[in-house]
Amino acid sequence: MSRISDTFTRLKGEGRAALMPYITAGHPTLPATEALLFALEESGADMIELGIPYSDPLADGPTVQRAGQIALQNGATIPRIHAMMRRVREQGLSIPVLYMVYYNCVFRHGEERFLDEAAASGIDGLIIPDLPLEEAEEVEGLAAERGLDLVYLLAPTSTPERIAEAGRRSRGFIYCVSLTGVTGARDRLSAAIEPMLRRIREATSLPLAVGFGISRPEHAAAVAKLADGVIVGSALVERIDEAPDETEAVNRAAAYIRSLRLAVDQARFRSANVG
Amino acid sequence: MAKAQTQAAYFGEFGGQFVPEVLMPALTELERAYLEAKDDPAFQRELAEHLAEYSGRATPLYRADRLTGYVGGATIYLKREDLNHTGSHKINNTLGQILLARRMGKQRIIAETGAGQHGVATATVCARFGLECVVYMGEEDTRRQALNVFRMELLGARVHPVTSGTRTLKDATNEAIRDWVANVQNTHYIIGSVVGPHPYPTMVRDFQSVIGKEAREQILAKTGRLPDAVVACVGGGSNAMGIFHAFIPDEAVALYGVEAAGEGLDTDRHAASISRGTKGILHGAKSYILQDADGQIQGAHSISAGLDYPGVGPEHSYLKDSGRATYVAVTDDEALQAFIDLSRLEGIIPALESAHAVAYGMKLAKELGPQAQIIINISGRGDKDVAEVAAVLERKGVVL
Numbered sequence: 016m017s018r019i020s021d022t023f024t025r026l027k028g029e030g031r032a033a034l035m036p037y038i039t040a041g042h043p044t045l046p047a048t049e050a051l052l053f054a055l056e057e058s059g060a061d062m063i064e065l066g067i068p069y070s071d072p073l074a075d076g077p078t079v080q081r082a083g084q085i086a087l088q089n090g091a092t093i094p095r096i097h098a099m100m101r102r103v104r105e106q107g108l109s110i111p112v113l114y115m116v117y118y119n120c121v122f123r124h125g126e127e128r129f130l131d132e133a134a135a136s137g138i139d140g141l142i143i144p145d146l147p148l149e150e151a152e153e154v155e156g157l158a159a160e161r162g163l164d165l166v167y168l169l170a171p172t173s174t175p176e177r178i179a180e181a182g183r184r185s186r187g188f189i190y191c192v193s194l195t196g197v198t199g200a201r202d203r204l205s206a207a208i209e210p211m212l213r214r215i216r217e218a219t220s221l222p223l224a225v226g227f228g229i230s231r232p233e234h235a236a237a238v239a240k241l242a243d244g245v246i247v248g249s250a251l252v253e254r255i256d257e258a259p260d261e262t263e264a265v266n267r268a269a270a271y272i273r274s275l276r277l278a279v280d281q282a283r284f285r286s287a288n289v290g
Numbered sequence: 016m017a018k019a020q021t022q023a024a025y026f027g028e029f030g031g032q033f034v035p036e037v038l039m040p041a042l043t044e045l046e047r048a049y050l051e052a053k054d055d056p057a058f059q060r061e062l063a064e065h066l067a068e069y070s071g072r073a074t075p076l077y078r079a080d081r082l083t084g085y086v087g088g089a090t091i092y093l094k095r096e097d098l099n100h101t102g103s104h105k106i107n108n109t110l111g112q113i114l115l116a117r118r119m120g121k122q123r124i125i126a127e128t129g130a131g132q133h134g135v136a137t138a139t140v141c142a143r144f145g146l147e148c149v150v151y152m153g154e155e156d157t158r159r160q161a162l163n164v165f166r167m168e169l170l171g172a173r174v175h176p177v178t179s180g181t182r183t184l185k186d187a188t189n190e191a192i193r194d195w196v197a198n199v200q201n202t203h204y205i206i207g208s209v210v211g212p213h214p215y216p217t218m219v220r221d222f223q224s225v226i227g228k229e230a231r232e233q234i235l236a237k238t239g240r241l242p243d244a245v246v247a248c249v250g251g252g253s254n255a256m257g258i259f260h261a262f263i264p265d266e267a268v269a270l271y272g273v274e275a276a277g278e279g280l281d282t283d284r285h286a287a288s289i290s291r292g293t294k295g296i297l298h299g300a301k302s303y304i305l306q307d308a309d310g311q312i313q314g315a316h317s318i319s320a321g322l323d324y325p326g327v328g329p330e331h332s333y334l335k336d337s338g339r340a341t342y343v344a345v346t347d348d349e350a351l352q353a354f355i356d357l358s359r360l361e362g363i364i365p366a367l368e369s370a371h372a373v374a375y376g377m378k379l380a381k382e383l384g385p386q387a388q389i390i391i392n393i394s395g396r397g398d399k400d401v402a403e404v405a406a407v408l409e410r411k412g413v414v415l
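Sequences listed follow chains A and B, in order. Note that this note's numbering has the first sequence beginning at 16, numbered continuously upward. Note that this note's numbering has the second sequence beginning at 16, numbered continuously upward.
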C-alpha cells in the first residue's frame with residue numbers, strides 16, 4: 016500500500032474527503048514553494064499536487080500557464096525542484112506529494128532517471144495530463160517498480176472501455192476531470208460531475224478525486240459529498256499570484272485552505288447527520 | 016485496446032497521441048470517420064471535384080528555363096502550388112477536412128495559423144460551406160501578416176490573437192488545442208500541417224499527397240523519366256510530405272526537406288527542428304523538437320512565419336532517421352535572395368517559406384549538373400510577404 020492509498024483509507028474511516036491543493040513549483044520562487052508546502056500541510060491539506068512548470072501546458076488555463084512562466088523565469092528547473100522536495104522531506108513534510116508533470120519533461124530527462132530522482136526526492140505519485148492510457152504502459156511499469164503511484168485521469172467524455180481500463184491500471188486514485196476544458200476557476204460547478212462519478216464508481220473501487228473548476232468553499236463542499244477527494248488548483252494559485260509578497264502569499268494560501276477544509280468536513284458531517 | 020492503436024499511430028518511434036484524456040474519444044472518432052471516408056468513393060469523388068472546380072487543380076509543373084539557365088545545372092521544374100485558390104497548398108487539406116467535419120456533423124471549426132496561409136484556407140472553406148470559424152494566431156504573427164488577418168475576417172472568420180508564450184505558431188497551436196478540449200463535442204480542429212496527435216499526421220499527408228501524385232505523372236509525361244531530386248521547405252512539413260509521398264517508393268529519387276536556419280544553425284535563432292533538435296513531444300506527437308535539457312520548448316526563429324515552429328511532423332523525423340529523405344537548412348538571407356531571384360528570373364514571387372526550397376534547389380541543381388532534373392515545390396505565393404520583405408530590405412539598406 017502506498018502512502019497515497021493509506022491516506023484515502025484512513026480518511027474513509029474518518030468519514031472525510033481528501034483535500035488536495037495544487038501549486039506550481041517555483042511560483043513565485045522555490046523558497047516560497049517550500050514555505051507553501053508546509054503551510055498547506057498545517058492548514059489541513061491531505062496531499063499536495065506539485066506542478067512542474069512547463070513551457071507549453073496544453074491542459075492548463077491562463078492562471079496555471081502564468082504561474083509556470085513565472086516559475087521558469089525564476090529558474091525553477093527540474094533538478095532544483097527535486098532538491099527542494101528532498102529538503103522539505105528532511106525537514107519533516109509528511110503528507111503525500113504528487114508531481115503534476117507534462118510528459119515531455121519526463122521523456123527528456125529519460126523516464127527511468129526522472130522516476131528514480133522523483134522517488135529519491137520523496138515523491139509519492141505522478142499525474143501526467145498528456146499521457147493517456149495508450150501511451151503510458153512503459154511509464155506505468157517503471158513507476159510501479161519504484162513505488163510511485165501513476166494516477167490516470169478520466170473526463171466526462173471518457174467511454175466505458177476507457178473507464179474500465181483506467182480503473183484497472185490507475186494507482187492511488189483516479190483523477191476525475193470535472194468538465195470538458197482546461198484548468199481554471201469557474202463560477203459554477205460542472206453539472207457533468209455527478210453522472211461521471213456514477214459511471215466511474217460502477218467500474219472501480221479506487222478512490223475518486225475531482226478537479227478542474229473548483230474554486231469556492233461551497234464547490235468543495237458539494238464535491239466532498241460525491242467524491243473521495245477534492246482538488247483545488249487555479250483558485251489557490253490566483254491567491255498566491257495576487258499577494259503583494261511571499262509572506263502574504265503563504266498567509267493567504269493557508270487561510271484559503273483552512274476555509275476549504277472546514278467546508279469539506281462540514282459537508283460530510285451534515286450529510287451524515289441528515290442521511 | 017492499447018496495442019492496435021499504438022501501431023497505426025506511429026512512424027517508427029515517432030508520432031503517437033500525447034493529449035489530455037478529454038480528447039482521446041474525439042481522436043478515435045476522427046480516425047474512424049477518416050478511415051471510412053478514405054474508402055468511400057463518394058467522398059473521394061466529392062473531394063476531387065472541389066479540388067478541381069474550386070481550387071483549380073491540377074496545378075502546373077512548370078519548367079523554369081531562366082532559373083535553370085541562371086544556375087547552370089540541372090533542369091529545374093516548379094510545382095506551382097502557389098496557383099491554388101487562396102495562394103498555397105493549404106487548401107488541399109482544408110477542403111478534405113471540412114468535408115470530413117460535415118460528415119461528422121460538426122458545426123464549428125477551429126484552426127491555428129502561422130503565416131496566415133492555413134488560416135485563410137480554413138476561413139475560405141468555412142465560408143464556402145457555411146460553418147463557424149475561429150482562427151488562433153500568435154500576436155507577433157498578426158503583426159507580421161496583417162493582410163492575412165484582414166483576409167480571414169473578410170471571409171467571416173474570427174481571428175483570435177494569442178498572447179501566451181512566444182506569441183507565434185507554437186502558442187497558437189496550444190490555444191487551438193485548449194479550445195478543442197473545451198468544445199470537443201461540436202467542434203472540429205483543422206490542423207494545418209502533418210503535426211499533432213494521430214490521426215492528423217497521416218490524414219493531412221494523405222490530403223496533401225495530391226501534390227506528389229500530380230507532379231510524378233506530370234514529369235513522366237513531360238520528360239519520360241522521374242526527377243533526380245524533389246525539394247520542399249519544412250516547417251511542420253505538410254507541403255513536403257505532400258510532394259514526397261508519391262516518390263517514396265522511387266528509391267532513385269532523392270528527397271530534400273529544407274528547414275529554416277534563420278540567423279544561422281549555430282545561433283539560437285533558427286527553426287531547424289530536424290537538423291538541430293532532439294527527440295521529444297510537442298503538440299501531441301513524438302518527433303524532433305527544439306527544447307532545453309529540462310524539456311522546455313524553445314522559441315524558434317525564421318524570417319518566414321510559416322516555418323517559425325520548434326517541431327516537425329513525425330513522419331519527417333522517421334524519414335530522416337531511416338535515411339529516405341535528407342534534411343538541410345537555409346538561412347533568412349539565403350531565402351531572401353532566392354525570393355528576389357525567382358521574382359526577377361521567372362516572374363514568380365514565392366512565399367518566403369517556399370523561397371527556402373528555391374534557395375536549396377538552386378544549390379542542388381548546380382551540384383547535380385545539366386544531365387539531371389529536379390522539382391522544387393512552390394508551396395505558396397509571396398504576396399503576403401511583400402511588406403515584410405520590403406521592411407527587411409530597407410533595414411539592411413538593400414536597394415533593388
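Calculated directly from the structure, the hints in this document are not laboratory data. Glycine residues also receive a C-beta, built at the ideal position from the N, C-alpha and C atoms. Do not take every clue at face value.
Claimed, not checked - To give an idea of the interface, some chain B residues facing chain A are shown, with a C-beta separation under 10 Å as derived from the structure:
#1 Pro176
#2 Lys185
#3 Ala197
#4 Gln200
#5 Glu361
#6 Leu383
#7 Gln386
#8 Ala387
Hints, verified against the model:
1. Pro176: violated (14 Å)
2. Lys185: holds (7 Å)
3. Ala197: Since chain A brings a Cβ to about 4 Å from Ala197 of chain B, closer than 10 Å, the hint holds.
4. Gln200: Hint on Gln200 of chain B: holds, closest Cβ of chain A at ~7 Å, below 10 Å.
5. Glu361: violated (40 Å)
6. Leu383: With a closest approach of 39 Å, the Leu383 of chain B hint is violated.
7. Gln386: Given a least distance of 46 Å, the restraint on Gln386 of chain B is violated.
8. Ala387: At about 41 Å, which exceeds the 10 Å cut-off, the nearest Cβ of chain A leaves the hint on Ala387 of chain B violated.
Against the hints set out earlier in the document, violations occur for numbers 1, 5, 6, 7, 8.
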